[in-house]
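Trainee: These protein sequences, in sequence, are chains A and B. When you line the first sequence up against this note's numbering, it's residues 1 to 500, in that order. When you line the second sequence up against this note's numbering, it's residues 501 to 627, in that order.
Keep in mind that the hints were calculated from the coordinates and are not lab data. Do not take every clue at face value.
What the hints assert, rightly or not - Calculated cross-link-like contacts (lysine to aspartate or glutamate; reagent style DMTMM-like; alpha-carbon spacing at most 25 Å):
(1) A:K484 <-> B:E592
(2) A:K484 <-> B:E588
(3) B:K554 <-> A:D205
As the list claims (entries may be wrong) - One side only, chain B facing chain A, incomplete, derived with CB under 10 Å:
(4) V539
(5) Y540
(6) P544
(7) T548
(8) K554
(9) S561
(10) V562
(11) K563
(12) V565
(13) S566
(14) D567
(15) A586
(16) P587
Backbone N, C-alpha and C fix where the C-beta goes; we use that ideal spot for every residue, glycine too.
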Amino acid sequence: MIRKVRSHITQNEPLLFETSSPGKIGYQLPELDVPAVDPAAVLGKENTRGEIEDFPEISEVEAIRHFTRLSTYNYAIDLGLYPLGSCTMKYNPRVNEAVARIDGLAWAHPYQPESLSQGALEIMATLEAALAEITGMDAVTLQPAAGAHGEFTGIQLVRALHQARGNARKKVLIPDSAHGTNPATARMAGYEVENIPSNERGMIDIEALDRLCTEDTAALMITNPNTVGVFEENITRIAEILHAKGAMVYMDGANMNALVGIARPGDFGVDVMHLNLHKTFSTPHGGGGPGSGAVAVKSHLEPFLPTPRLRRAENAWTWDYDRPSSIGKVRAFYGNFGVLVRALAYIMAHGGAGLRNATMDALLNANYIRAKLEPHFEHPHRAPTMHECVFSDEIQARHGVRTGDIAKRLIDYGFHPYTVSFPLIVHGAMMIEPTETEGKRELDLFIDAMISIAAEAVENPELVLKAPHSTRTSRVDEVMAARKPIVRWKPGAEAPGAND
Amino acid sequence: MYPADFHYTKEHEWVRAAGDGTATVGITFHAQKELGDIVYVDLPKTGTAVQAGKTMGSVESVKAVSDVYAPVSGEVVEINEMLAQAPEKLNEDPHGEAWLVKIRLSAPEEIQKLLSAEDYQSYVGAE
Numbered sequence: 001m002i003r004k005v006r007s008h009i010t011q012n013e014p015l016l017f018e019t020s021s022p023g024k025i026g027y028q029l030p031e032l033d034v035p036a037v038d039p040a041a042v043l044g045k046e047n048t049r050g051e052i053e054d055f056p057e058i059s060e061v062e063a064i065r066h067f068t069r070l071s072t073y074n075y076a077i078d079l080g081l082y083p084l085g086s087c088t089m090k091y092n093p094r095v096n097e098a099v100a101r102i103d104g105l106a107w108a109h110p111y112q113p114e115s116l117s118q119g120a121l122e123i124m125a126t127l128e129a130a131l132a133e134i135t136g137m138d139a140v141t142l143q144p145a146a147g148a149h150g151e152f153t154g155i156q157l158v159r160a161l162h163q164a165r166g167n168a169r170k171k172v173l174i175p176d177s178a179h180g181t182n183p184a185t186a187r188m189a190g191y192e193v194e195n196i197p198s199n200e201r202g203m204i205d206i207e208a209l210d211r212l213c214t215e216d217t218a219a220l221m222i223t224n225p226n227t228v229g230v231f232e233e234n235i236t237r238i239a240e241i242l243h244a245k246g247a248m249v250y251m252d253g254a255n256m257n258a259l260v261g262i263a264r265p266g267d268f269g270v271d272v273m274h275l276n277l278h279k280t281f282s283t284p285h286g287g288g289g290p291g292s293g294a295v296a297v298k299s300h301l302e303p304f305l306p307t308p309r310l311r312r313a314e315n316a317w318t319w320d321y322d323r324p325s326s327i328g329k330v331r332a333f334y335g336n337f338g339v340l341v342r343a344l345a346y347i348m349a350h351g352g353a354g355l356r357n358a359t360m361d362a363l364l365n366a367n368y369i370r371a372k373l374e375p376h377f378e379h380p381h382r383a384p385t386m387h388e389c390v391f392s393d394e395i396q397a398r399h400g401v402r403t404g405d406i407a408k409r410l411i412d413y414g415f416h417p418y419t420v421s422f423p424l425i426v427h428g429a430m431m432i433e434p435t436e437t438e439g440k441r442e443l444d445l446f447i448d449a450m451i452s453i454a455a456e457a458v459e460n461p462e463l464v465l466k467a468p469h470s471t472r473t474s475r476v477d478e479v480m481a482a483r484k485p486i487v488r489w490k491p492g493a494e495a496p497g498a499n500d
Numbered sequence: 501m502y503p504a505d506f507h508y509t510k511e512h513e514w515v516r517a518a519g520d521g522t523a524t525v526g527i528t529f530h531a532q533k534e535l536g537d538i539v540y541v542d543l544p545k546t547g548t549a550v551q552a553g554k555t556m557g558s559v560e561s562v563k564a565v566s567d568v569y570a571p572v573s574g575e576v577v578e579i580n581e582m583l584a585q586a587p588e589k590l591n592e593d594p595h596g597e598a599w600l601v602k603i604r605l606s607a608p609e610e611i612q613k614l615l616s617a618e619d620y621q622s623y624v625g626a627e
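Isolated chain B (complex conformation) (with noise of 0.2 Å):
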């Protein structure tokens, strides 16, 4: 289900290193199951700068508007532009097509402090 090589948050975002200093940012399969059908999403301009553990952005389902909070400090380097038009992607795959923001690291040893695949299962099988 949460692939081996993302780190999660408890806010249930997921991030995948590129290798090359940035990162792709996703919300997880649990986030999207929870909040139902995804009606918009509200993300950053390229060139914001994010801080770890603050408001990124938003995503709005039919039931609630629930805040998405950077996992990693950096610079917003790419949006996934097709969310704006197609927000249902979020429920269908959200650690694939549907990521939301590429961000370039200005602390990438951050990445180790989250959770890995097998604790962030443990965690939402337990809330």
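This is chain A alone, in the form it adopts within the complex (with noise of 0.2 Å):
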């Protein structure tokens, strides 16, 4: 195989272990100007390695190049589209970067005196009291790392507060429209899962709810606007027939991106809710964090929010540690900074006309979105739509060309797919969240690409099934790396099921 042929995003870049050659190496060393110790006699021979086995050994150039040519074979926002539905892929203002870097904030240490670190508490009280505001909540805690650990820290303060009226309950009520972390989270907590179905139109069946919800719900975790991308619009009586059994309301905040600005949470019933800073407060996102996972309360709850809390002293901000119904801390220190410095970056620089400006428009691309595809792609719930949508692949099916295929197929128009196959309730789901971000010009393209694979699916369905045909590799053997995944490169490997 003729490796070098094209331009290296098509090119195949091997791993470093497989470019070593002995003896190369890609610094120097002043000389040691203090005397030589022996590692293993200072820390202990079992805590020293006398070599790493196959290390490799190349030169500046080769590492610059080889971490150069990955970078370009990613996606991101900063090249196009990222239309990934649930996910609110907006784009991180570099203003957001540009304060985040301030030398206070990049090297605060979590460590630091109170009263050197005035300046940070004051961003974290005054990110409280914005998102409190937002919500129409109470209290919020910054503590938790990102969205699933939100709503774990959500659920936790629910059994708290139930304990604390003298019985945790038994079970939380999920739609089967729920993202995953839902379940998961319950089941985590301690609490049975209890599924309640959606209606033709995508909301929850109320009489169903009503059915289900008894004395030993502890609470309903409901996503506002759901998955399917659709307002729960009778979601007051949805928490009065929670309130009435003396159970509590989560709103997972997923879908926030959708309300801000425009409906308040707190005003519609929810007891206790977490937001995704890294979704909809921008920040960059995606690759594993870091992110975000604030959780915002009624005043019934606030009782037992993580320790420490952030207090006002004589004019100073403080950590309260002195919290005795509180659920404990469920991180280390105080949240991660830097997301948190971020997202008051994006608040602020936006102020309230502006957020609320950023939602109309990404209800308004969605929906153009909606308008345009509609024609070609199966829409299967009448609903209004907010800032996403989901179509299914029933009109391509009958060709034999499913969600993934086409969503793979859009590789080759050079975006990124829509997330594909979820939520489960629709068939062959193709869900997708344009955000505000993108303006008439890029979702043209977007939809120009769809309706151009719409033709494909009908008139050369083999070329979408094969998709992608311009990238470096194309279909990769999902099924085998899922049963026998092979986790660590060994010399001499070939790499299974790699499509050459």
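Put the two chains together into one complex; each comes in its own frame, and the hints tell you how they fit.
Mentor: Put into structure tokens, the structure is as follows:
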């Protein structure tokens, strides 16, 4: 095989281990100007290694080229539309980065005395207040490290409240359209999960909820707008049903990008919710974080919030650890501080009116995509679209082309795929969330690509079924990767299933 | 396609009563076909009490993770250990070798309320 046939984007990049050549080095160290010591004698023999087997030996430029090439294999919001539904892959404005890199913030240490951390504490207090105002809730903790962690914290708060009232209760109700993290959270917190079916408009079936909600119910976990991109218009009635039985309404804030500046969960009956600051309030995400899953509560849950809490004392901010009802710490220190700084920068740069505009633009973009693609793709739920729209592959499936195939063909058109096969209640789901980031020009490029693929699915299904054609590797063996994963490279081993 | 001596649920599990107070439980051909290539099977531990209609485990394919509901109530007396190493058997022989669990029935009459092979066939045909 000739390895270098085109520009680097399509070339097979070897591992550093494979390019290693004995004796090559990419660094120079100054001569030792202190007495040499024997690490084994100082640290103990069991704590030292004589050599690292097959450690790659390469030059500086080889290392730089390797990582620079790999970075160009990536797709990012800085390259184009990132329509991954439910993920709110919005642009992270550069001003966020400038603010987060201010020396006093970037180098702040959590063990720094409070007197030297007043600015950092003020940022957190201001963000807590801003999030409380945006959500219509009474108090906010910034500790949880990401969304699922926020969910878990929120349900722990619910459990603590019920326990304080004498009965932790048994079950958590979850709609069948929910993110998989919701039932996982409830189980982790020791609750049984009961599913609530959706009706034909993609909303919670109120009669089923009324029947299933009992004195044993600890909470309902609801996402609003839900994962079908539909606003649960009976939300106040839903909250009444829960509250009549003494149960709490937990809102998953994954889709808060549809509500900011327009509707406040605290005003429609929500008791506790989390926010994905890394989604709704920009900050870079994807690739494993860091994130931030701030949790907002009504006053009846406030005593249980994680310690420590920020408190204003004698013209200074201080940490309050004297919180006898608290569920305790949920994370070391005070949360992913860098993300908090970016979220506050985003909120303050927009201001109230700007945040509302961003929400309206996100809704407009999703509705534009829905209107343009509706003639070409099945849209199963006849309810108004909020910030994302969910199609099904029903029309294309008649030609053997499924949602995963269309997604892979989108890569050939230069776009990151939409969310595939989620939510599960839509067969062959194609979930698209443009966010407010995009202008009409980029949306039209995406829409043209989708319409073109819809035509290909009819005229030349093979073209779609074999996609992507323009990438370094095409389809990999997902089944073998899951059944017999090979998680460590070994010298001389051929990569299995690679499509050369 | 669907053995006549099995009973079926709308959630696509099957049950076969052994006649000694126990029953074997699995998922149907239709279920494995809809799921696609199965890569992981999560079963309850032996001794677990299961309740008809409640989750007792899950099946994971490349496409999705799907709950498995206990079609009948009772105690799990045996699980199919083979599936931990060879989940693909569920795609190959869902009504035979790749059964999931054996349950000692606490309410044997529950089986009669489930679908017959004929009813199940028309149910998945219509779905």
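Trainee: Report the numbers of all earlier hints that the structure fails to satisfy, in ascending order.
Mentor: 6 and 7
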